[in-house]
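S.K.: Sequence order for the protein chains is P and F. Residue 267 in the working numbering sits at position 267 of the first sequence, and the numbers go up by one each step. Residue 1 in the working numbering sits at position 1 of the second sequence, and the numbers go up by one each step.
Just so you know, these hints were derived from the structure itself, not from any lab. One or more of the hints may lead you astray.
As the list claims (entries may be wrong) - Derived list of chain F stretches under chain P, where covered just means 3 residues or more per stretch with a C-beta under 8 Å from a C-beta of chain P: (1) 7-15; (2) 76-82; (3) 87-101; (4) 204-214; (5) 224-237; (6) 240-252; (7) 304-315.
Stated by the list, open to error - Negatives, chain P to chain F, calculated, CB over 12 Å: (8) A24; (9) E25; (10) K42; (11) M52; (12) G88; (13) K91; (14) E112; (15) A178; (16) V221; (17) P291; (18) T308.
Please read these numbers as outputs of a predicted model, since none were measured by experiment. Yeah, the Cβ is synthetic: ideal placement off N, Cα and C, and Gly gets one too.
There are 2 protein chains.
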Amino acid sequence: MTSPADLDTPALVLDLDVIERNIAEMAQVARAAGVRLRPHTKTHKSPLLAAMQVDAGAQGITVAKLGEAEVMVDAGLDDVLVAYPLVGERKLLRLRALLERASISVSLDAVEVAEGIGAVGTDLGRPVPVLVEVDTGHHRMGLPPGEPSVALAMAIARVPGIEVIGLLTHAGHAYQAADPAELHRITEREALDLIRTAERCREEGLELREVSIGSTPTARVGAQADGVTEIRPGTYIFNDVQQMRLGVAPESACGARILATVVARPTAERFLIDAGSKAFSSDGGDGPPFPGRGVIAGRPDLVIDFTTEEHGVGHLTGDAASLSIGDRLEVIPLHVCSAVNLFDIAYGVRDGLVERTIPIAARGRSQ
Amino acid sequence: MTSPADLDTPALVLDLDVIERNIAEMAQVARAAGVRLRPHTKTHKSPLLAAMQVDAGAQGITVAKLGEAEVMVDAGLDDVLVAYPLVGERKLLRLRALLERASISVSLDAVEVAEGIGAVGTDLGRPVPVLVEVDTGHHRMGLPPGEPSVALAMAIARVPGIEVIGLLTHAGHAYQAADPAELHRITEREALDLIRTAERCREEGLELREVSIGSTPTARVGAQADGVTEIRPGTYIFNDVQQMRLGVAPESACGARILATVVARPTAERFLIDAGSKAFSSDGGDGPPFPGRGVIAGRPDLVIDFTTEEHGVGHLTGDAASLSIGDRLEVIPLHVCSAVNLFDIAYGVRDGLVERTIPIAARGRSQ
Chain P
1 MTSPADLDTP ALVLDLDVIE RNIAEMAQVA RAAGVRLRPH TKTHKSPLLA AMQVDAGAQG
61 ITVAKLGEAE VMVDAGLDDV LVAYPLVGER KLLRLRALLE RASISVSLDA VEVAEGIGAV
121 GTDLGRPVPV LVEVDTGHHR MGLPPGEPSV ALAMAIARVP GIEVIGLLTH AGHAYQAADP
181 AELHRITERE ALDLIRTAER CREEGLELRE VSIGSTPTAR VGAQADGVTE IRPGTYIFND
241 VQQMRLGVAP ESACGARILA TVVARPTAER FLIDAGSKAF SSDGGDGPPF PGRGVIAGRP
301 DLVIDFTTEE HGVGHLTGDA ASLSIGDRLE VIPLHVCSAV NLFDIAYGVR DGLVERTIPI
361 AARGRSQ
Chain F
1 MTSPADLDTP ALVLDLDVIE RNIAEMAQVA RAAGVRLRPH TKTHKSPLLA AMQVDAGAQG
61 ITVAKLGEAE VMVDAGLDDV LVAYPLVGER KLLRLRALLE RASISVSLDA VEVAEGIGAV
121 GTDLGRPVPV LVEVDTGHHR MGLPPGEPSV ALAMAIARVP GIEVIGLLTH AGHAYQAADP
181 AELHRITERE ALDLIRTAER CREEGLELRE VSIGSTPTAR VGAQADGVTE IRPGTYIFND
241 VQQMRLGVAP ESACGARILA TVVARPTAER FLIDAGSKAF SSDGGDGPPF PGRGVIAGRP
301 DLVIDFTTEE HGVGHLTGDA ASLSIGDRLE VIPLHVCSAV NLFDIAYGVR DGLVERTIPI
361 AARGRSQ
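Can you make the complete structure from the sequences, with help from the hints?
M.R.: This is the structure we're talking about:
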């Protein structure tokens with residue numbers, strides 16, 4: 001079998017032991033809290049890894065885009081939430097085709113979008129399961145919790161061909177939390193706002209079976225809230241510097257790394273690696289306690305100062321060990337979801353050997 | 001034929017008239033200045049577009065990575081500069097295979113890297129053409145101009161199997177220019193530093209036939225400098241908001257756009273499109289006079305405030321025209337090279353019709 005040392009670089013390398021541990025841990029969090037786990041597969045875009053998540057106890061999966069759902073259903077995943085508003089004739093035709101092949105639900109935040117989807121449900125002779133998205137502070141999709149969302153949910157429930165099965169939120173603003181205390185407050189707020197809005201919907205006569213919260217930073221605490229029925233974390237399977245920064249994961253739980261080669265040492269202090277923004281993406285902020293455009297595993301003495309498309313440009317700190325052209329480094333990306341979406345394949349590594357290649361089959365499926 | 005209105009979104013749409021004009025204009029710049037044009041194809045990663053550049057008068061092409069060179073040579077492009085230090089046994093084996101099929105040159109900044117490549121040249125029985133990279137202010141690859149680079153070039157020239165044919169630089173710091181005057185100063189500095197260093201090499205007995213400068217912002221002025229022999233602009237084929245910001249290209253010369261659909265209008269001021277950082281990348285700064293994470297063509301009344309992976313979240317300015325779910329927008333990316341690298345295909349549009357699909361065949365070829 002191939003050793004990672006034989007791989008050409010840059011390469012996306014997955015530590016299978018770490019990933020299996022991450023998958024098992026989140027499944028246990030959900031089990032212990034009595035909630036369903038529906039991992040967001042936008043992080044890995046791999047049916048193979050999605051199947052591992054389902055085998056470990058996930059109810060089904062979440063995807064962002066219909067194109068991702070198609071790849072997952074083609075591979076045999078049969079319970080998929082498309083957490084995205086589907087708009088336009090082409091999307092609705094594709095949704096219809098998927099509904100005939102698998103258990104599909106969708107999320108949205110407008111009656112107009114529901115009407116398009118409802119027409120598909122009416123045509124098929126069975127309503128399309130819908131989760132209404134609520135804005136718990138991210139200010140992206142959704143109306144505010146409470147009466148605005150209750151009124152919206154009731155209006156959507158009246159659209160023919162639609163069955164409103166629950167409420168959904170994504171606390172993306174958790175990534176802006178300054179410290180663990182603020183993260184905790186955001187998480188409690190997210191869960192409470194959604195639970196109370198769901199209760200008000202039920203008082204209005206809407207049967208809701210799903211109260212679904214998203215995001216890796218909020219999943220573990222949010223799962224404990226009485227009334228939450230589902231968590232949809234994505235990044236937890238790999239983790240990244242953003243999760244390290246939030247205190248959600250240590251470096252040892254970061255299972256996806258970019259293997260890179262040192263290709264230049266133009267000055268005593270400067271080094272270059274053959275991975276830049278076309279390997280890492282430019283997502284994610286840097287700064288203490290994790291300076292640089294990625295964390296070089298086991299080498300806190302090296303800092304990546306900036307990236308251009310194919311170069312990572314860094315410096316050796318004062319007490320750095322030596323570093324030579326040809327040396328290899330493993331870099332934990334700042335935001336792993338966007339980094340993975342740049343690669344067509346990943347290498348699954350265990351015990352120092354490449355155990356398998358893993359196609360990132362839904363890479364680039366943004367439609 | 002298909003109309004762009006029939007394309008699913010998000011889609012990468014190329015205006016063929018604009019692109020042909022951009023290709024012809026830069027070819028004319030090179031011709032008028034009496035320099036060779038070797039466009040950097042990292043921008044489009046498409047052999048089809050590379051062939052259009054060569055047909056319009058380019059000498060050959062530049063690529064960043066060996067994997068891009070392989071795709072281009074496979075498609076019949078036969079004169080390729082790999083502007084990247086090739087390090088490691090696998091890379092050298094692949095370089096050897098390419099050298100047997102096409103006219104290949106490489107750039108580098110270290111004797112150690114030259115020794116690996118020289119071994120390939122010695123083995124093949126003909127020296128590998130090498131350009132020595134000089135740091136004219138970007139502080140990425142290369143040694144400073146003048147004596148440090150002269151000494152390096154002389155040392156590399158002594159490596160068996162290597163023919164040093166010229167010097168090369170990339171003024172990536174031009175993108176940080178505060179205004180056109182500073183851009184002009186950086187450009188003159190880049191050219192002058194490289195020309196003088198080449199003259200000193202010649203005084204030392206090194207025959208140099210190539211003095212090669214890079215980057216779209218500096219190409220037009222740099223080409224005029226007496227002593228420059230080659231320009232390697234990349235972005236000019238498409239242009240983007242970065243070029244608009246530098247005053248290098250107007251909106252009408254921006255030929256690559258992300259076609260997106262409005263998928264939500266949760267508040268009177270807010271809108272969402274179905275393109276986020278997985279369509280645009282997170283490259284590039286924003287701010288006046290082009291606020292937002294991309295410029296929406298013909299709609300200065302709309303601003304994209306932030307992107308998440310699959311969402312673009314924007315607002316309508318005070319006097320905005322109406323905007324409804326289902327409306328389509330064309331967005332000029334901040335940094336087009338990284339946006340294009342997220343798509344597997346582009347759609348070439350002319351006269352309101354999709355004339356052809358264009359595979360981004362070297363997408364993701366970072367190795």
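S.K.: Hint by hint, note whether the structure agrees.
M.R.: These are the hints, each one checked on the structure:
| no. | hint | in the structure |
| --- | --- | --- |
| 1 | 7-15 | holds (count 4) |
| 2 | 76-82 | violated (count 0) |
| 3 | 87-101 | holds (count 4) |
| 4 | 204-214 | violated (count 0) |
| 5 | 224-237 | violated (count 0) |
| 6 | 240-252 | violated (count 0) |
| 7 | 304-315 | holds (count 5) |
| 8 | A24 | 26 Å, holds |
| 9 | E25 | 24 Å, holds |
| 10 | K42 | 6 Å, violated |
| 11 | M52 | 22 Å, holds |
| 12 | G88 | 6 Å, violated |
| 13 | K91 | 7 Å, violated |
| 14 | E112 | 5 Å, violated |
| 15 | A178 | 18 Å, holds |
| 16 | V221 | 21 Å, holds |
| 17 | P291 | 18 Å, holds |
| 18 | T308 | 6 Å, violated |
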